[in-house]
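Chains as they are written, first to last, in our numbering: chain Y, 1 to 103; chain F, 1 to 172; chain G, 1 to 583.
These are calculated hints, taken from the structure and not from any lab test.
Please note: incorrect hints may appear among the correct ones.
Within a straight-line C-alpha distance of at most 27 Å, the following computed DSS-like cross-link-like pairs (lysine-lysine) qualify [what the hints assert, rightly or not]:
| no. | chain 1 | residue 1 | chain 2 | residue 2 |
| --- | --- | --- | --- | --- |
| 1 | G | Lys31 | G | Lys361 |
| 2 | G | Lys164 | G | Lys106 |
| 3 | F | Lys109 | Y | Lys96 |
| 4 | F | Lys88 | Y | Lys96 |
| 5 | F | Lys88 | F | Lys24 |
| 6 | G | Lys106 | G | Lys361 |
These figures come from a predicted structure and were not determined experimentally.
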Amino acid sequence: MSNYIPHIILGVAILLLGVGIYALLATRNLIKVIVALQIMVKGAMLVLVLAGKMTAQPGLGQTLALTVIVADTIVAVIGLTLAVQIRRRFGSLDVKDLTRLKR
Amino acid sequence: MEIIWYVLAAAGALVCAALAISAKRLLVSAIWLAGCSALVALLMYLLGAPEIAVIELSVGAGLVTVLFVFAINIAGDESTALPVALPKPIPWILAIGLLALVGWMVLSKLMGGEMPPDYGETFYATLWTSRYLDVLLQVAIIFTGVLGMMGLLAEGKKRPAAEAPGSDEEHS
Amino acid sequence: MSTPAILILLTLGLPWLGALVVWAAGDRTEKLSHTLAVIFAVLSAVAGLGLLLQTGSEPVQLADLGGVFGPISFVPDGLGVFLSVVATFIGSLAVIFSVNYMHGEKQLSRYYAYMLFFIGAMVGLVLTSNMLLMFVFWEITALCSYALISFNSDDPKAVAGGVKALIMTQIGGIGLLLGALVLYIYTGQMDYNILLANPAAIPAQLLPVMAFGFLVAAAAKSAQFPFQTWLPDAMEAPTPISALIHAATMVNAGVYLLARFYPAFHEVPGWTFSVMLVGLITALLAALMAVVANDLKRVLAYSTVSQLGYMVYAVGSGGIFASQFHLLSHSVFKALLFLAAGAVIHAVGTRDMRQMGGLGKQMPFTRVVFIIGALALAGIPVLNGFWSKELVLEAGLMHAPIWSYVLMLIGAGLTAFYTYRMVTMVFYGEAHGHAHGDAGTAMKIALAPLALGALTTWLLAGPFAKLLSAETLPYHGIEAASTFHILEEVISLPTLIALAVVALGLLAWVFRSKLAGLGRALRGLGWAAENSFGFEAINRGIVRGVSGAAEGLRITQTGLLNWNVVGIVAGLLIVIAILALGA
Numbered sequence: 001m002s003n004y005i006p007h008i009i010l011g012v013a014i015l016l017l018g019v020g021i022y023a024l025l026a027t028r029n030l031i032k033v034i035v036a037l038q039i040m041v042k043g044a045m046l047v048l049v050l051a052g053k054m055t056a057q058p059g060l061g062q063t064l065a066l067t068v069i070v071a072d073t074i075v076a077v078i079g080l081t082l083a084v085q086i087r088r089r090f091g092s093l094d095v096k097d098l099t100r101l102k103r
Numbered sequence: 001m002e003i004i005w006y007v008l009a010a011a012g013a014l015v016c017a018a019l020a021i022s023a024k025r026l027l028v029s030a031i032w033l034a035g036c037s038a039l040v041a042l043l044m045y046l047l048g049a050p051e052i053a054v055i056e057l058s059v060g061a062g063l064v065t066v067l068f069v070f071a072i073n074i075a076g077d078e079s080t081a082l083p084v085a086l087p088k089p090i091p092w093i094l095a096i097g098l099l100a101l102v103g104w105m106v107l108s109k110l111m112g113g114e115m116p117p118d119y120g121e122t123f124y125a126t127l128w129t130s131r132y133l134d135v136l137l138q139v140a141i142i143f144t145g146v147l148g149m150m151g152l153l154a155e156g157k158k159r160p161a162a163e164a165p166g167s168d169e170e171h172s
Numbered sequence: 001m002s003t004p005a006i007l008i009l010l011t012l013g014l015p016w017l018g019a020l021v022v023w024a025a026g027d028r029t030e031k032l033s034h035t036l037a038v039i040f041a042v043l044s045a046v047a048g049l050g051l052l053l054q055t056g057s058e059p060v061q062l063a064d065l066g067g068v069f070g071p072i073s074f075v076p077d078g079l080g081v082f083l084s085v086v087a088t089f090i091g092s093l094a095v096i097f098s099v100n101y102m103h104g105e106k107q108l109s110r111y112y113a114y115m116l117f118f119i120g121a122m123v124g125l126v127l128t129s130n131m132l133l134m135f136v137f138w139e140i141t142a143l144c145s146y147a148l149i150s151f152n153s154d155d156p157k158a159v160a161g162g163v164k165a166l167i168m169t170q171i172g173g174i175g176l177l178l179g180a181l182v183l184y185i186y187t188g189q190m191d192y193n194i195l196l197a198n199p200a201a202i203p204a205q206l207l208p209v210m211a212f213g214f215l216v217a218a219a220a221k222s223a224q225f226p227f228q229t230w231l232p233d234a235m236e237a238p239t240p241i242s243a244l245i246h247a248a249t250m251v252n253a254g255v256y257l258l259a260r261f262y263p264a265f266h267e268v269p270g271w272t273f274s275v276m277l278v279g280l281i282t283a284l285l286a287a288l289m290a291v292v293a294n295d296l297k298r299v300l301a302y303s304t305v306s307q308l309g310y311m312v313y314a315v316g317s318g319g320i321f322a323s324q325f326h327l328l329s330h331s332v333f334k335a336l337l338f339l340a341a342g343a344v345i346h347a348v349g350t351r352d353m354r355q356m357g358g359l360g361k362q363m364p365f366t367r368v369v370f371i372i373g374a375l376a377l378a379g380i381p382v383l384n385g386f387w388s389k390e391l392v393l394e395a396g397l398m399h400a401p402i403w404s405y406v407l408m409l410i411g412a413g414l415t416a417f418y419t420y421r422m423v424t425m426v427f428y429g430e431a432h433g434h435a436h437g438d439a440g441t442a443m444k445i446a447l448a449p450l451a452l453g454a455l456t457t458w459l460l461a462g463p464f465a466k467l468l469s470a471e472t473l474p475y476h477g478i479e480a481a482s483t484f485h486i487l488e489e490v491i492s493l494p495t496l497i498a499l500a501v502v503a504l505g506l507l508a509w510v511f512r513s514k515l516a517g518l519g520r521a522l523r524g525l526g527w528a529a530e531n532s533f534g535f536e537a538i539n540r541g542i543v544r545g546v547s548g549a550a551e552g553l554r555i556t557q558t559g560l561l562n563w564n565v566v567g568i569v570a571g572l573l574i575v576i577a578i579l580a581l582g583a
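Based on the sequences and whatever the hints tell you, model everything.
Pasting the structure below:
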């Protein structure tokens, strides 16, 4: 049965990606957008670790996953800072109220 | 029989993720995200990557959750029961379409097989010798991120109310 | 680490460190920004001069990134070291000049940071032997050029000039990237010395693609035909920037590229002829446009383009040494002219020459150094411009068709004509404007070495040839010779003919009232020259077309985040569909 492990992991990763993308398309709150990004990145990390294991290089897989974690955490930091500043400036975190970048 | 753990962890992670994005209150959403991180960390440990599992647990389920809680407290935690901004079917169509396509592409090509035994370098050796540039770049990213955050947070305080928003930053 | 490695690291790293320090110091005190910038610029110039003593053809590897990127390697050979000395030395002089010129301006930290960043990138560009790294440095110089041209971001003309420069030079950058990738595909490495040693490493069908791609890249960067329109519009930059970037360093990158890759490409059929033709057309077109221009910096910009045309022409004719020698002279006297013009503009407050005149009495020091630069530009004997221009013309005479030589001679005459016109309009005649005193102290400190250089750099011909000889450049076939030997070649009949043409050009200006009839007959040409021979019209048409298309597509910008994500996901779907179905 252990030969289905890659399928399970990849399935989870793809479904996490799907959940994240659905959230990006459907949510109206900026902080939820950051949550969605975090979910997507977990899927990516899983694939990296799995790839490391499948090619018998767990060290490499984990190192790359570490880089992804660091980068993604910094994205969350900056994203949340932006959300806080937007809330201060514009008074709302609703995406519909933040449409100044338009025609 | 250990595959049952995989299945449970995977299903749990998915459930947590789905609950995280559909939660009405932002704090609850952050908590579910922490749960998802923990289960993903468990999955990575099961895959034979204990070091990264620990890091993911402490960063994803710890640091990021604390960040979210701080940000939500400052930014306000209104309950969001707002309807979707786009026409209803579009998010579903696009998400499911993407999933189907990627799933078909990846899983149909995947052959079942035994996991090969590990013979690569250990995590520590890889991280500090052959990928040391990665470590340097990560440090650089962390510094830039912190500097960016401080720069962004300082924006609101220095300017008087009369100045128009969106004046250019000097450092651009 | 070996001495060359340390010196290269210093020459490249000091300006970049300086850029960081100046930027971090912020705009608190103006004096601090000035002092820090000058210190770092001068230190890097010293390091560059030290590198002169350590030239060799051995590559210096700083780190190995493996895979496609290859090692971060630098080669301190003659061509690279000479250009990095020019970049750091004239860079530090421009920084010193800026102390006076940019006095009282805002956001100086941004200005100096970009300037120092640029100097470092230029040094890296000419010293590296890794093609991908060369491309990275190329793009960095383009970025700094854009940022500095539109430094006065409140002025729409400055921003437009910066954007135009960026777009045109980026088109060239694509040619460079293409060449780098072709090299990697066929040799598995990014080191271009492999290509120089053995041009046959790349199959004969692809070598012309690379050769002409590089020609396009060089033409775009050096504002040659048909890309010559961005340089005059880049004159909205502060004058020290015009002196540094658009006279002495960045525009030389194109000529450097052609000279560096000459051994690899000169066998490609039609390449040398195209290079020569591009140089010729540019030299003449730009000289004609300079004759009718009224903005002091525009005249200098057109003259830069024209002189670069001479250098490109020399490369096309096989005279690599002549082209590099002219590059050296031109960097010195053109930087001198631009900085002196900057002093004039700073004192009078306008760039229009019709509102100057009679400034010679009010600005004696500036007048002297400007005239020295102008004499070098026109090619009057004893000054460095004379020797190098004659060498270029000799190269043309020996290896290029005779009609091209004649046309270049006419160009030399035109050069003398517009130079004399420029000098008289600014410094002699009746005064239409008033100058607020002569150049400041820092300006004088920057101008004096350049004037001295214009008078003396020709004496370095011998050591210069030795620098570029096979000791450091094994594939270029330049012979080392003594100064006397080189200069002796110049003193010959063709030189006398050239001198006669130059004298003719000078006299034509002096007797312009008598030649008024000729002037009227050529008025059509003058009108065409003022409208830059239709290139501006083409430019405007392209811009209009693009803006129109952009306006039409505006409806997709709803500003709603979710719609933006829809766009991203839809694009992703299309790409994955193509991958899935095509695999």
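Status of the hints after comparison with the structure:
{"no.": "1", "hint": "Lys31(G) to Lys361(G)", "in the structure": "31 Å, violated"}
{"no.": "2", "hint": "Lys164(G) to Lys106(G)", "in the structure": "24 Å, holds"}
{"no.": "3", "hint": "Lys109(F) to Lys96(Y)", "in the structure": "41 Å, violated"}
{"no.": "4", "hint": "Lys88(F) to Lys96(Y)", "in the structure": "16 Å, holds"}
{"no.": "5", "hint": "Lys88(F) to Lys24(F)", "in the structure": "18 Å, holds"}
{"no.": "6", "hint": "Lys106(G) to Lys361(G)", "in the structure": "32 Å, violated"}
In summary, the structure is inconsistent with hints 1, 3, 6 from the numbered list given earlier, while agreeing with the others.
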